[in-house]
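Peer 1: Here the structure of chain A is known, so what remains is to put chain B with the ligand in place on it, guided by the hints.
Below are the chains, spelled out letter by letter.
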Amino acid sequence: MPTRTVAGTTVEVNDEGFFVDPAQWTEAMAPELAAEEGIAALTDDHWTVIRFMRSEYAEKGTGPTVRVLGKTSGVPVKELYQLFPKGPAKIAARVAGIPKPRGCL
Amino acid sequence: MARHVVILGGGTGGTLTANRLRRRFPEDELRISVVDEDDVHVYQPGLLFVPFGLADPEHIVRPRGRQLHRGVEFHRSGVERVDVAGRQVVLEDGTRLDHDVLVVATGAALLPEETEGLLGPQWGRSVHTFYTLEGARALHESLASFEGGRLVVNVVDLPIKCPVAPLEFCFLADWYLRERGIRDDVELTYVTPLDGAFTKPVAAATLGGMLDDKGVRLVTEFNTGEVREGALVSWDERDVPFDLAVVVPLHGGQAYVGRSEGLGDELGFVPTDPATLQSTVAPEIFAIGDATTLPASKAGSVTHFEGDVLVENVGRFLAGEELDASYDGHANCFIETGFGKAMLIDFNYDQEPVPGHYPARMGLPLLKESRLNHLGKLMFQWFYWHSLLPGRDVPGIGSDMPTAGKRAG
Ligand SMILES: Cc1cc2nc3c(=O)[nH]c(=O)nc-3n(C[C@H](O)[C@H](O)[C@H](O)COP(=O)(O)OP(=O)(O)OC[C@H]3O[C@@H](n4cnc5c(N)ncnc54)[C@H](O)[C@@H]3O)c2cc1C
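Respectively, the protein sequence lines represent chains A and B.
Reading the first sequence from the start, the letters are residues 1 to 105 in this note's numbering.
Reading the second sequence from the start, the letters are residues 1 to 409 in this note's numbering.
It should be emphasised that the hints constitute simulated quantities derived from the structure, not laboratory data.
Cβ coordinates follow ideal geometry from the N, Cα and C atoms, glycine included.
Honestly, I wouldn't trust all of these hints.
[Unchecked claim] On the chain B side, residues computed to face chain A include the following (Cβ under 8 angstroms):
#1 157
#2 221
#3 223
#4 236
#5 266
#6 267
#7 295
[Unchecked claim] Okay, derived cross-link-like pairs now, BS3-like style, lysine-lysine, Cα gap no bigger than 25 angstroms in a straight line:
#8 B:161 <-> A:60
#9 A:100 <-> B:200
#10 B:368 <-> B:161
#11 A:78 <-> A:100
#12 B:200 <-> A:60
#13 B:161 <-> A:100
#14 A:71 <-> B:161
#15 A:86 <-> B:200
[What the hints assert, rightly or not] From the derived model, a few chain B residues whose C-beta atoms are all more than 10 angstroms from chain A:
#16 81
#17 214
#18 218
#19 225
#20 312
#21 362
#22 371
#23 393
#24 404
Bound conformation, chain A alone (with noise of 0.2 angstroms):
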C-alpha cells in the first residue's frame, strides 16, 4: 500500500490517493488536502460537509453520492459544485480522509 505525508504524518493512501484509514486523518490535514485540489481556503460551509462525509462514513462504511449529499447534508447539489468543483463526492472524500464513496452499479 503507498504512503504519503500530509501535515507532517504518514498516512496510508490507496492509488488513487483516497485514505485507507479514516482514523489516520486529522482536521489539521484537511486544508492541505483541499490546496491540492485547488480549494484555496476552507469555509464553514466546506467544513459542513467534510464532517457530513465522515460522520456518514463512520455510520455507514461508505460516503455518500452527491445525490445523496444534497438530499440529507443541508448544502444542495449546486452549492455543493461550488465548493467542490469537479464531483463533490470525490473531492469532499479526498478532504475527509474517506475513502471513495461507493456510488453505485
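Peer 2: Below, chain B with the ligand without anything else, positioned relative to chain A:
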C-alpha cells in the same frame, strides 16, 4: 391457522416470489397476497427494442394476475404506507393487511421531475426516455421522423435499472441509423456521470472500445443538472447540445417508502442484508429486486437469482430457523450490440465481468459479440413468462455464479 405473507409489487420479483412460495407451501399453511397498483405487467427488457420498431408494445405486456399461480390472492391497489412498528400495510383503497412476513418488491421509480427542465415543453417531443412503455412508444415516433443532427443518450445519475441498457440503446441506434441510410448525418453521443463507459473496469474497456468502433462519442463525468432548450447542462456548467435527447431519469424507491417511517433510506430504497435479503429495518420484512439497497445491478437476472435465497429464508424465518446467507450478488445480462449480435456478461459482488464462457466452457461466449447471444436475448422473453415468473428451475442454471468457464481476471 395459516400464516400470511404479503408481497408488495407484482412485477418480476413479487411474481416469482409468490409463485415459488405457493409451490413450496400448501394453502392451509400459508396464505399469500400480492398487492399491485395496476394490472399491466411489462416485460421491461423489451422496452429497449420498441423505439427501433423491433418490438411491438402490445407484445411485451401481459395481465399481472394471470402470471400468479392459483392460490395466490391478487389485490389491486396502490400501497399508501407500511406501518413498520404496527406490522401492518395500509393500502390506498383503505384495506389494512396484517402479515407474518412482508416482502417489498415494488421496484424503482423514475423521477424525471427531480431534474430541472427535463419535464419541460420538449418532453415527449425532442426529449425522451425509453424506460416506460409510453416513453418508448413516443420515442419510436420521434426516431422514425428523425432526419439527422445530434442524437444524445444520457444517464442522469446512478443507480438505474439495467445499467447496460443505455449503451445497448447507442449500439442499436447506430445500427438503426445505418439501416435508414442516415448514419453519416447523425452525431451520436453517449453522456454518462461515470468516468468510463461502464462501472466495471474490464467490461468498461470493452464497451468503451465498441462505442469508439461504432463512432459514438463518449462524454464522461457529466452530471446533468438541467435540461435547457436543446442542451443538457451539467452541475459544473458544461453543456451538450442536442436535436434529439434520450434521457434515463433519476431513479429512487417508490413514494410510499418515504411515507413509511423507518422503511427506506434517503432515496427510498429499503436497507437490505446483501446475503440473506432480510431487511435491516425489521426481521419480518424482506426485500427483493430493484427496491433494495444491495450493491448489485438493478436487473431482472439479479431479482431472479435473489429469489432462491429469499424464498428459502422466508421459509426459515417462519420456522424460526437461522437464515441462509448465500446470495453472492450473481448477475448476468445480455448486451444487445446491433446487427443481430449480442454480448453476455456474468458477475457477482466480488467477480467483475471477464471473458470466458457461461455457464461452463462449452457455453455462451462472455464479453464477446456473437449471434448466439443475440438469440439468447430474444429467447429470454419466452423464458421470462414461462420459466422465470412461474418459478420453475432451469437445469444447469443455479443462482450461484459459476466460475468454471471464466478466464482469470
Ligand atoms: C429499459 C429496460 C431494460 C431492461 N433490460 C433488462 C435486461 O436486459 N436484463 C435484465 O436482467 N433486466 C433488465 N431490466 C431490469 C428489470 O426489468 C428489473 O430489474 C426488474 O423488473 C426488477 O424487478 P422488481 O420486481 O424489483 O421490479 P418491477 O418488476 O419493476 O416491479 C415493481 C412492481 O411494483 C409495483 N408498484 C410500485 N409502486 C407501487 C405502489 N405504491 N403500490 C402498489 N404497487 C406498486 C409496480 O406496479 C410494479 O409492478 C430492464 C429495465 C428497463 C427499464
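Peer 1: All hints are to be evaluated individually against the structure, with a verdict given for each.
Peer 2: Structure-based check of each hint:
no. : hint            : verdict
1   : 157             : holds, 6 angstroms
2   : 221             : holds, 7 angstroms
3   : 223             : holds, 7 angstroms
4   : 236             : holds, 5 angstroms
5   : 266             : holds, 5 angstroms
6   : 267             : holds, 7 angstroms
7   : 295             : holds, 6 angstroms
8   : B:161 <-> A:60  : holds, 23 angstroms
9   : A:100 <-> B:200 : holds, 15 angstroms
10  : B:368 <-> B:161 : holds, 22 angstroms
11  : A:78 <-> A:100  : holds, 21 angstroms
12  : B:200 <-> A:60  : holds, 22 angstroms
13  : B:161 <-> A:100 : holds, 23 angstroms
14  : A:71 <-> B:161  : holds, 21 angstroms
15  : A:86 <-> B:200  : holds, 21 angstroms
16  : 81              : holds, 20 angstroms
17  : 214             : holds, 24 angstroms
18  : 218             : holds, 17 angstroms
19  : 225             : violated, 7 angstroms
20  : 312             : holds, 24 angstroms
21  : 362             : holds, 29 angstroms
22  : 371             : holds, 28 angstroms
23  : 393             : holds, 26 angstroms
24  : 404             : holds, 24 angstroms
Violated hint for the displayed structure: number 19, the only one.
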